[in-house]
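Student: So you can see what is in the structure, the chains are spelled out below.
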Amino acid sequence: MTTNTTAIDERTHERKFVRTFFTTPTAVEGGDDSAKMLESAIQLRGMQAPDVWVPDNEDATAPNMREEGVENIVDVLSKHGAEFPGEIHPRVVWHRDDPGTRYRGFRHMLELTDPENGAVEHLDGFVIPEVGDIDDWKKADEFFTIIEDEHDLEEGSLKMSVIIESGAAELAMGKLREEMGKPTNNLQRLFLLVDGEVDYTKDMRAITPTGGLPKWSELRHNTSRAASAAGLIAVDGPYDDIRDVEGYHERMTDNQSKGMLGIWSLTPGQVVEANRAPLPPREGYWLFDADGREVELEREGGRQVYTGDRVSLREDGDEYVLSVGGDELGIDAEELHEELLDLLAYVPSLDDIVDSMEEFEAAKEAGKGAIAMTQSATVVIDGIDVEISRDRMWDEATYQALQTPIALFQDVYENRPDQHGDLAELYDESVLERAMNVGN
Amino acid sequence: MTTNTTAIDERTHERKFVRTFFTTPTAVEGGDDSAKMLESAIQLRGMQAPDVWVPDNEDATAPNMREEGVENIVDVLSKHGAEFPGEIHPRVVWHRDDPGTRYRGFRHMLELTDPENGAVEHLDGFVIPEVGDIDDWKKADEFFTIIEDEHDLEEGSLKMSVIIESGAAELAMGKLREEMGKPTNNLQRLFLLVDGEVDYTKDMRAITPTGGLPKWSELRHNTSRAASAAGLIAVDGPYDDIRDVEGYHERMTDNQSKGMLGIWSLTPGQVVEANRAPLPPREGYWLFDADGREVELEREGGRQVYTGDRVSLREDGDEYVLSVGGDELGIDAEELHEELLDLLAYVPSLDDIVDSMEEFEAAKEAGKGAIAMTQSATVVIDGIDVEISRDRMWDEATYQALQTPIALFQDVYENRPDQHGDLAELYDESVLERAMNVGN
Amino acid sequence: MTTNTTAIDERTHERKFVRTFFTTPTAVEGGDDSAKMLESAIQLRGMQAPDVWVPDNEDATAPNMREEGVENIVDVLSKHGAEFPGEIHPRVVWHRDDPGTRYRGFRHMLELTDPENGAVEHLDGFVIPEVGDIDDWKKADEFFTIIEDEHDLEEGSLKMSVIIESGAAELAMGKLREEMGKPTNNLQRLFLLVDGEVDYTKDMRAITPTGGLPKWSELRHNTSRAASAAGLIAVDGPYDDIRDVEGYHERMTDNQSKGMLGIWSLTPGQVVEANRAPLPPREGYWLFDADGREVELEREGGRQVYTGDRVSLREDGDEYVLSVGGDELGIDAEELHEELLDLLAYVPSLDDIVDSMEEFEAAKEAGKGAIAMTQSATVVIDGIDVEISRDRMWDEATYQALQTPIALFQDVYENRPDQHGDLAELYDESVLERAMNVGN
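Residue numbers (the working numbering), protein chains in the order written: chain A, 92 to 531; chain B, 92 to 531; chain C, 92 to 531.
Among the clues, some could well be false.
Given that identical chains are not distinguished, each listed pair holds provided it fits within a single copy or across any two copies.
Mimicking DSS-like on lysine-lysine, the simulated pairs with C-alpha atoms at most 25 Å apart in a straight line are [said to hold, decoys possible]: (1) K306 - K127; (2) K459 - K127; (3) K455 - K127; (4) K127 - K266; (5) K230 - K266; (6) K127 - K273; (7) K459 - K107; (8) K170 - K306.
Calculated from the structure, these hints are not laboratory results.
Sequences and hints are given; from them, build the entire structure.
Tutor: Quick look at the structure:
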């Protein structure tokens, strides 16, 4: 969503990152309050407001309420759309196997973009669920093109996002790069590739004993890869145990390691978690692999203290006895250092990342192609202090690979002024400024 | 296999699920008893009989016995084929790199389908091993077409299944959906995509220290995805440690979470395990994550009891001390509930699944799009009772994703009357009836 | 590299396996010693010398030193190239998004292959980094063709290896088999597919909390699969913690299970590790799964002794009590045998593998298609001896799948006479001879 409300073709910014994809039912049964959830969602601001908001006229809304849902979207957007800080992409109905559903989705899009309704200037695009192979994607794209023509919108100005919830759609993602250049489509309008694991599980006919969703690691990899190859943005599907904040974070960490930096959110609470998750922490900390369980060391003064029982350490004359799980290891000081290095990893703060980048940039300016970055700490196990130190070589490639969290931070800071307050609470002012200047 | 034996083109049913793919040598050296294993296999019934039976004229049969193998298949099928309860798909020889082997396979197929031999009306198709890229698949398909023409069989009536045992074949699976529609082939005859991990390991030149097979997770995902995209059925390869029933079950559970519901069986004992594996259990039970090891809680009356030593619990005034592995956690009652929820998962019975589906169907009829399903239990650790309760939201997508085991059950019940007795032993009669009616 | 130095088109051998890909900076700042690292690397021999040596005129060399780097490569190759025991493939600059970089890489290749410079007869090909989709690969291939034409080299004689460091390049690998046959390219020159995980991480925009590289399992699978489908060789990227020998080995073991037998090496020390890693051990040993941690049993006489504390065993009347982690199991002798079988795995020596292959070959000659191979041991836990025995069926497919380490060994022995001394130290002379004769 742009704050320029004069015309849809004057939108200037393009988000390069999307953290959050928040769906809201468009209508609920029982009369006047039907649009209440939409009205509440569009007025969210700051960390509670998503990067992409999706009035959901498909699964979240009962089939018999979807015409009313379209009216509600029009009402709420024409009233509040100008002030919404994120982008707005309603989800309409669609199904690769059902022409009636596809035509219904087309009529909904046509209505939502009718200039007389006053909603289109706040609309950034549509989300098309249940797509099939690439020819099915082209059918949806063709409807976008017809609508743009019909309503005098610039061709290609409405963005198209899809939900990947079939094996056919997963395979179609491998062809986007070559198909997007073809003269008979406008697939350049593609924006988000969103995994929809519940329906995907149905389409793949997968079974788990508990009925829980499979992890679908390969699907997420392939979605992230397609986004990379075709200049799009990958978003993971809903995490439906909304009370399980820890589980949601583990999922996001796993997604991030695949290059999938966005995730579906079902509640404003999940939006807050998902908006924050890809941002580096305020304070760095050490992770310790305690016999297979990863724990965060406690900082006491400048020392990093392990307080669990899974690993123990004692001195025995000149040697050390390190016990991990049931296994005892008699080793000297140097071997102890090596063993602990293997078990320790440092999670850098925003400050640390900016420091390292600035250091590398200065070295580059001075004609150096690679420098060693040192991490060190005093780690305490059972009262024994051990000095730990590790070098990592940074070259241009390292520098660029580690730049992603900064690029994301900068994208957020530029495009989401409503989150400046939250960022100022999360980080020191001086870091914010340096983070905006590094890497450019 | 149809029970209608008058003509191959009158076959009416199509299996939508295949649990078992059972191979049998077609000939063994030493004379008169050469066909004994075939004769024994074709007379299997009930849970011991596979969904797809494969007289194996390739790897299971010595190279110099394969002409005799063809004769044996003809003899055994013409004698016993009409009564066999599953489908019959002999495996013939084929190799992407060897035209002589391909021509030999063609001659065997031609012989097996000769109407004068009386076997063809019991034949559902052939299994082609060692296929390469999609053009190699088309060569095999062309031989099927020629054979159908030569023997006045309906074009496309013989099904073709392939063994995926090369990187080229794995890639070919990504093209099936677009290739199957082309006018110059009959690839619509494709039926099973079967992974063959031993030869695949050779083709990929993989090495493991112990010589054990790699897991090949990506291959299995890609096979399942291709089956989903092209309307086929995915089957995993042989599990050759036939005494390791637990390992076979773990493999099947992993496969099922990928949408690969079928598996190769080497013995009637493995057939029984594989026929039963995707069916829900008679009684539901709770799984408990005991410090990384998944254990089944013991039911005592209505309580679920953990009896291991990895997790312990004691009261300490108003608080609880939960100990997992070496780590102690002092928490209040609510936190204890949360912690245990994370560690517990319920495996529903067939009865439970049918209940939930009926409940959702009733809610839908009453105009509700989503309802909360509650799972609750009394869990006992070290003599302390803890009440556990969890809600899960069901909407149409959840309902459909969880319908797969029921759809499989219904497919089995309809197509395998010889297993009705086994199913009646596994489940109560009333559940069977409700399970056949739900979801339609 | 061939030892025939008369002309590039007389090269006769083709390596079928590549274990090591060793990069060296081509120039360092500060004058006369600029080529010192190249001179030192090209004189490596034996296990310290890689199968493929890569004078790296891209990331390892500062941007302003790359013209000097080209001169240095020419000097060093013309002086020492004839004696180098591996192949030589310089890496030049290239980028899918930058025509200036691509043209610069072309000029460097043109210079390096100029017959007047005396380096080309020691050059086997070039490594092209940062490739994009298949059309980008074709641009590079076209430059190779032009260079061959310009310098009167045989068309296709210069091999082309690529670094896979973008999602687009990962997808391109799926098309090699069909593209390599086309009349307007010479992509048959392709040789190595090398993953470059640092830049790939950037291109995929992946984030990990610690800044460590993600595992990228799917990428490595897809690279190995493409190598298999297109007759190429898969190589993993650099492992940059050069002190972490154990971690390097774990990575190689994981790679090998995917069919990726080669790996990048950053130091001669890593080259030694990587040259040895895919070779079977001199002595076989037993692995024991001690409550989730894999340990090697200690051989004492003919017995295999477990000395850790994670698993314990005691007799209790007729029964045994086996304790794994916190869980106790009261079982009889047969159950104990089964439990231990599940926890034990044997890693065969080169001698063991040759024995098994010879045994199978003899059986095949005697007309047997499958035989049982037995592994047995006396395992000692807490002073209690347990006899363990397991059969594995070998058929032709097993035989061929397990032949890969032997084929690799034979390739090394034939093509790297400079490593004969190292191999003679690693193995008994008699095994070497038998290993060269088995499987042919």
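Student: Are the hints correct? Go through all of them and say.
Tutor: Status of each hint after checking the structure:
1. Taking the closest pair of Cα atoms, K306 and K127 never come within 25 Å of each other, the shortest separation being 34 Å inside a single copy and 45 Å across copies.
2. Only between protomers do K459 and K127 lie at most 25 Å apart by alpha-carbon distance; the minimum there is 18 Å, versus 59 Å within a single protomer.
3. Taking identical chains as interchangeable, the C-alpha atoms of K455 and K127 lie at most 25 Å apart only when they sit on different chains, with a minimum of 22 Å there against 55 Å within one chain.
4. Neither within a single protomer nor between protomers do K127 and K266 lie at most 25 Å apart by alpha-carbon distance, with minima of 41 Å and 46 Å respectively.
5. In this homomeric assembly, K230 and K266 come within 25 Å of each other (Cα to Cα) both inside a single copy, at 16 Å, and across copies, at 20 Å.
6. In the homo-oligomer, the alpha carbons of K127 and K273 never lie at most 25 Å apart, since the shortest distance is 43 Å inside one protomer and 51 Å across protomers.
7. In this assembly of identical chains, K459 and K107 lie within 25 Å of each other by CA distance neither inside one copy nor across copies; the values are 31 Å within and 38 Å between.
8. For the homomeric pair K170 and K306, neither the shortest alpha-carbon distance inside one copy (40 Å) nor that between copies (48 Å) is at most 25 Å.
Violated hints for the displayed structure, listed by number in ascending order: 1, 4, 6, 7 and 8.
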